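Q: Given only the sequences and the hints, what does the whole structure look like? Please build it.
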Amino acid sequence: MTDPRTSDAELPKNYDFRAVEPRWTTQWDEDGIYRYDPSSDAAAAGRTFSIDTPPPYVSAAHLHVGHAMSYSQAEFVIRFKRMRGYEVFYPMGFDDNGLPTERYVEKKYKKHKGNATRKEFVDLCLAETRGGAAVYEQLWRSLGLSVDWRMTYSTIAPRAVEHAQKSFLDLVAKGRIERRADPILWDPRMQTALAQADTEPGPEIDRPLHQLRFDRADTEGSGLIDTTRPELVTACVALACHPDDTRFAADGSVRFKVPLSNLRADGSEAEFRTVPLIRDDAVDPEFGTGLMMVCTFGDQEDIIKWRTHKLDTQLIIGPDGRMDTPELPSLHGQRVHVLAKGSKLPEARLAAKELLEAHGYLLDVTENVSRASVSERSSTPIEIQVVPQWFVKLVDIKDELLARGRELRWHPPYMKDRYEHWVDGLKWDWNISRQRFYGVPFPVWYRQDTGAAVLPTAADLPLDPMVDAPPPSVKAQVPDGVELVAEEDVMDTWMTSSLTPLINANWAFWDKDSGAETPDLQPRPGIYPMGVRVQAFEIIRTWLFYTVAKSHMHTDALPWRDVMISGWGLDKKGKKMSKRLGNFVDPKGVIEKYSADSLRYWAAGATLGHDLRYLENDVKGGKRLLTKLWNSTRFAMMSIGDYDPSSGATEAPTVADRWIRARVLETVHKATEAYEGYEYNKALRATEQLFWRDWCDNYLEIVKDRFRNPEQWDPAQVEAARATIFYGTWAMLRLFAPVLPFITEELYTRALKPRMADDAPLSVHVAPWPLDERTGEVDVFGGVVDEQAGALGGLLLDLVAAVRQLKTEARMGLGKPLAAIYVAGDAALREDIALVERDWRAAARADLVTWEAPADAAPTHGVGDRDLRIGIAPAD
RNA sequence: GGGCGAAUAGCUCAGUGGUAGAGCUUCGGCUUUACACGCCGCGGGUCGCAGGUUCGAUCCCUGCUUCGCCCA
Numbered sequence: 001m002t003d004p005r006t007s008d009a010e011l012p013k014n015y016d017f018r019a020v021e022p023r024w025t026t027q028w029d030e031d032g033i034y035r036y037d038p039s040s041d042a043a044a045a046g047r048t049f050s051i052d053t054p055p056p057y058v059s060a061a062h063l064h065v066g067h068a069m070s071y072s073q074a075e076f077v078i079r080f081k082r083m084r085g086y087e088v089f090y091p092m093g094f095d096d097n098g099l100p101t102e103r104y105v106e107k108k109y110k111k112h113k114g115n116a117t118r119k120e121f122v123d124l125c126l127a128e129t130r131g132g133a134a135v136y137e138q139l140w141r142s143l144g145l146s147v148d149w150r151m152t153y154s155t156i157a158p159r160a161v162e163h164a165q166k167s168f169l170d171l172v173a174k175g176r177i178e179r180r181a182d183p184i185l186w187d188p189r190m191q192t193a194l195a196q197a198d199t200e201p202g203p204e205i206d207r208p209l210h211q212l213r214f215d216r217a218d219t220e221g222s223g224l225i226d227t228t229r230p231e232l233v234t235a236c237v238a239l240a241c242h243p244d245d246t247r248f249a250a251d252g253s254v255r256f257k258v259p260l261s262n263l264r265a266d267g268s269e270a271e272f273r274t275v276p277l278i279r280d281d282a283v284d285p286e287f288g289t290g291l292m293m294v295c296t297f298g299d300q301e302d303i304i305k306w307r308t309h310k311l312d313t314q315l316i317i318g319p320d321g322r323m324d325t326p327e328l329p330s331l332h333g334q335r336v337h338v339l340a341k342g343s344k345l346p347e348a349r350l351a352a353k354e355l356l357e358a359h360g361y362l363l364d365v366t367e368n369v370s371r372a373s374v375s376e377r378s379s380t381p382i383e384i385q386v387v388p389q390w391f392v393k394l395v396d397i398k399d400e401l402l403a404r405g406r407e408l409r410w411h412p413p414y415m416k417d418r419y420e421h422w423v424d425g426l427k428w429d430w431n432i433s434r435q436r437f438y439g440v441p442f443p444v445w446y447r448q449d450t451g452a453a454v455l456p457t458a459a460d461l462p463l464d465p466m467v468d469a470p471p472p473s474v475k476a477q478v479p480d481g482v483e484l485v486a487e488e489d490v491m492d493t494w495m496t497s498s499l500t501p502l503i504n505a506n507w508a509f510w511d512k513d514s515g516a517e518t519p520d521l522q523p524r525p526g527i528y529p530m531g532v533r534v535q536a537f538e539i540i541r542t543w544l545f546y547t548v549a550k551s552h553m554h555t556d557a558l559p560w561r562d563v564m565i566s567g568w569g570l571d572k573k574g575k576k577m578s579k580r581l582g583n584f585v586d587p588k589g590v591i592e593k594y595s596a597d598s599l600r601y602w603a604a605g606a607t608l609g610h611d612l613r614y615l616e617n618d619v620k621g622g623k624r625l626l627t628k629l630w631n632s633t634r635f636a637m638m639s640i641g642d643y644d645p646s647s648g649a650t651e652a653p654t655v656a657d658r659w660i661r662a663r664v665l666e667t668v669h670k671a672t673e674a675y676e677g678y679e680y681n682k683a684l685r686a687t688e689q690l691f692w693r694d695w696c697d698n699y700l701e702i703v704k705d706r707f708r709n710p711e712q713w714d715p716a717q718v719e720a721a722r723a724t725i726f727y728g729t730w731a732m733l734r735l736f737a738p739v740l741p742f743i744t745e746e747l748y749t750r751a752l753k754p755r756m757a758d759d760a761p762l763s764v765h766v767a768p769w770p771l772d773e774r775t776g777e778v779d780v781f782g783g784v785v786d787e788q789a790g791a792l793g794g795l796l797l798d799l800v801a802a803v804r805q806l807k808t809e810a811r812m813g814l815g816k817p818l819a820a821i822y823v824a825g826d827a828a829l830r831e832d833i834a835l836v837e838r839d840w841r842a843a844a845r846a847d848l849v850t851w852e853a854p855a856d857a858a859p860t861h862g863v864g865d866r867d868l869r870i871g872i873a874p875a876d
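FYI, in the working numbering the residues of the first sequence are 1 to 876.
It should be emphasised that the hints constitute simulated quantities derived from the structure, not laboratory data. The structure displayed is predicted, hence computed values, not measured ones. Accuracy of the hints is not assured; some may be wrong.
When the alpha-carbon atoms are kept at most 30 Å apart in a straight line, the in silico DSBU-like pairs for lysine-lysine are as follows [stated by the list, open to error]: (1) Lys344 <-> Lys398; (2) Lys628 <-> Lys670; (3) Lys575 <-> Lys416.
A: Now the structure itself:
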């Protein structure tokens with residue numbers, strides 16, 4: 001490229017985004033304009049703005065325009081802040097840890113716990129991770145995200161592992177983590193424990209209600225219960241009714257015989273196992289028979305009753321999700337072991353039904369449709385197991401976590417309710433143990449003799465007990481000769497991702513020398529607490545909640561000051577996008593076809609927190625805006641020619657100049673206020689309105705004449721138009737820059753910068769925002785809105801519109817010259833009209849405005865809602 | 001069953017306690033030497049339903065209906 005200062009300022013006729021966008025992606029990287037510089041003046045002044053955006057899972061194949069939407073929305077605000085003079089810390093992370101990655105690898109390579117070693121599996125995960133990260137980075141770069149790619153983190157890299165392990169040790173030390181053998185949510189397919197947040201409602205399926213008779217053990221009589229899970233009958237540990245139920249004695253004497261519990265595998269019969277009747281508010285007296293079977297464990301409600309009433313434990317389902325009972329007896333004289341160890345649950349359910357029926361316990365089966373909780377990742381119905389696991393205690397600090405939620409500034413504000421309700425409804429401590437291959441290892445060994453856990457010190461981290469020998473700090477805690485056994489579980493993925501603000505701040509190295517010189521491993525306390533978290537609403541209960549909890553427990557602080565919650569990008573019918581449904585739109589294709597700026601323009605159309613449908617027409621609208629921006633700036637630059645903003649030439653602004661200057665100032669204020677409130681869409685809307693309607697359709701049309709026929713104008717008026725165009729363009733390019741980074745950079749560099757002083761900003765993206773945050777002043781047009789210009793401008797626009805209307809009605813081209821415009825009406829407006837006449841005539845291409853109308857050209861056409869009428873006479 | 005959100009023009013969506021808005025679409029014009037990916041103009045809505053507060057409600061309150069999401 002030739003030197004833009006000496007090359008002619010004229011822009012090419014067409015904007016070639018396919019060439020321009022990749023060029024700027026590379027150039028920005030070379031210039032390092034998005035680099036975080038902790039030694040900058042802004043950082044020193046405490047004006048650092050740090051951003052915590054979701055580290056995406058690495059299976060990049062599922063990326064759709066909805067993802068591009070939410071990252072773009074965050075980025076609009078980030079670019080605004082950068083221009084406002086903040087030192088921006090904007091890293092990208094990759095969540096290559098945990099179940100999603102494992103599941104992805106399992107599907108892709110058909111490898112699982114049964115046919116792969118841990119190392120094989122982990123290597124595959126790591127390889128997928130690297131490939132996925134590269135795809136993401138490529139896409140995010142082409143979308144124009146102003147990420148500092150040197151700051152990228154990965155949740156499975158040693159740095160993040162160390163943070164997760166340090167978090168574990170810190171919480172153990174603070175008494176927030178403990179190991180307990182509790183009932184836990186279990187995914188039989190993935191063979192792992194889950195947290196409450198890892199479950200979701202499953203699909204509606206047929207789950208017939210089996211009505212069973214339980215005979216009384218203490219006296220004559222019986223009770224009826226309805227259950228969808230007859231196979232669990234022998235796991236029954238109580239029957240429950242509502243406290244007000246009058247059918248049974250309330251003195252605790254009531255006991256029932258458990259059906260089938262008297263049968264033995266050899267065909268003999270023994271005593272029935274009996275269970276008590278408990279009274280519990282949670283039983284709905286109106287549902288079914290009003291009597292409920294409590295098993296260990298059919299569902300999560302069972303656990304609550306089991307815990308509240310201190311019931312027995314009769315586990316009959318194994319970790320593989322199959323029956324794990326003593327053999328039950330034969331049916332019809334045949335030895336069938338359908339309820340025995342190893343049966344799948346659907347078979348066991350049928351067998352249980354037959355067995356119950358054969359022994360007369362089954363009275364009725366009614367159709368029923370309901371949904372069960374399933375694992376969010378494997379879609380398998382959740383079962384419950386009792387296994388020792390590590391728990392982060394959260395239930396006892398609900399109040400503190402609620403208080404933290406209220407300290408946060410939520411955008412939009414109503415999103416706070418989702419957090420409140422989740423925390424309010426929290427029933428379980430956070431189980432962080434996962435019986436999986438791929439994840440952060442617990443830094444834990446167990447004494448062979450006592451089973452007690454032995455922990456290393458923070459200085460030993462990171463480590464992997466399954467690979468590394470116990471460090472001296474661990475060995476020192478046990479007597480010689482006592483074997484140490486490595487913990488085989490790994491941590492829940494949220495254990496790491498809940499630390500993203502702390503990982504970014506390199507919290508693990510705050511009080512420990514990492515031994516490394518790289519900035520990657522140096523403490524970055526300046527960025528913590530972070531400025532803003534950006535995410536979608538569906539992970540408020542997970543990522544957001546866990547992050548708040550972690551920062552609260554570790555640093556007694558909020559992780560960020562603001563939270564920005566985005567909606568989803570939906571398909572054109574309003575459905576969630578997915579590969580499976582075939583309604584998937586690949587952002588890469590959109591960028592190639594319409595440009596990244598256009599895709600971003602679409603993303604800017606959503607109100608924060610609201611979903612946005614992907615309509616190709618909206619992206620086309622973005623493309624149209626780019627074309628208009630390009631053409632109008634090209635025209636503007638041709639008009640102002642060799643204008644030199646530092647020349648100091650005399651200006652005599654007309655009403656049109658004064659009006660558009662006021663509009664620019666007004667819009668700068670409006671857009672700034674909107675961005676401050678994270679309302680990027682309002683900012684864009686205001687800017688678009690200014691640009692398209694006021695600037696292009698009116699102002700440029702009005703001033704054209706000054707450049708076409710300069711001899712008919714005072715040179716100071718021409719100079720005023722040149723200045724207005726130059727500074728108006730400068731302001732508008734900056735207002736558009738956060739949303740349209742590519743075209744604004746191209747126009748700034750090619751059109752404006754060559755006319756500016758040598759110390760002009762290198763890039764529009766590091767140029768100052770037109771409204772200075774500290775002085776409150778706008779840096780163009782003197783910064784003060786000309787009130788009078790607003791009213792006169794309104795009159796001028798009405799007059800121009802009236803002429804256009806007349807010309808259109810006369811099927812006349814708008815460029816058609818007029819010999820005269822005749823005016824009649826309120827004489828009080830005469831003075832004002834005189835002030836705008838010159839601009840009016842220019843816009844209308846009229847030679848004369850007169851109040852003396854000939855009889856054959858009566859002014860009859862209205863002017864807005866003013867008491868004025870006009871008529872026109874064509875030039876020929 | 002609980003919570004949150006939404007309901008405004010044919011479509012996608014803004015918006016405000018005081019005469020209802022944009023873009024797209026429809027229709028009619030315009031070769032206007034920046035742009036036909038443009039410009040000018042016209043058309044089009046009982047602001048989901050029913051109450052209430054108010055001088056006045058699309059907006060605030062209550063209830064209802066429908067849709068979406070989150071959670072039981």
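Q: Of all the hints numbered above, which does this structure not satisfy? Sort the numbers upward.
A: 1
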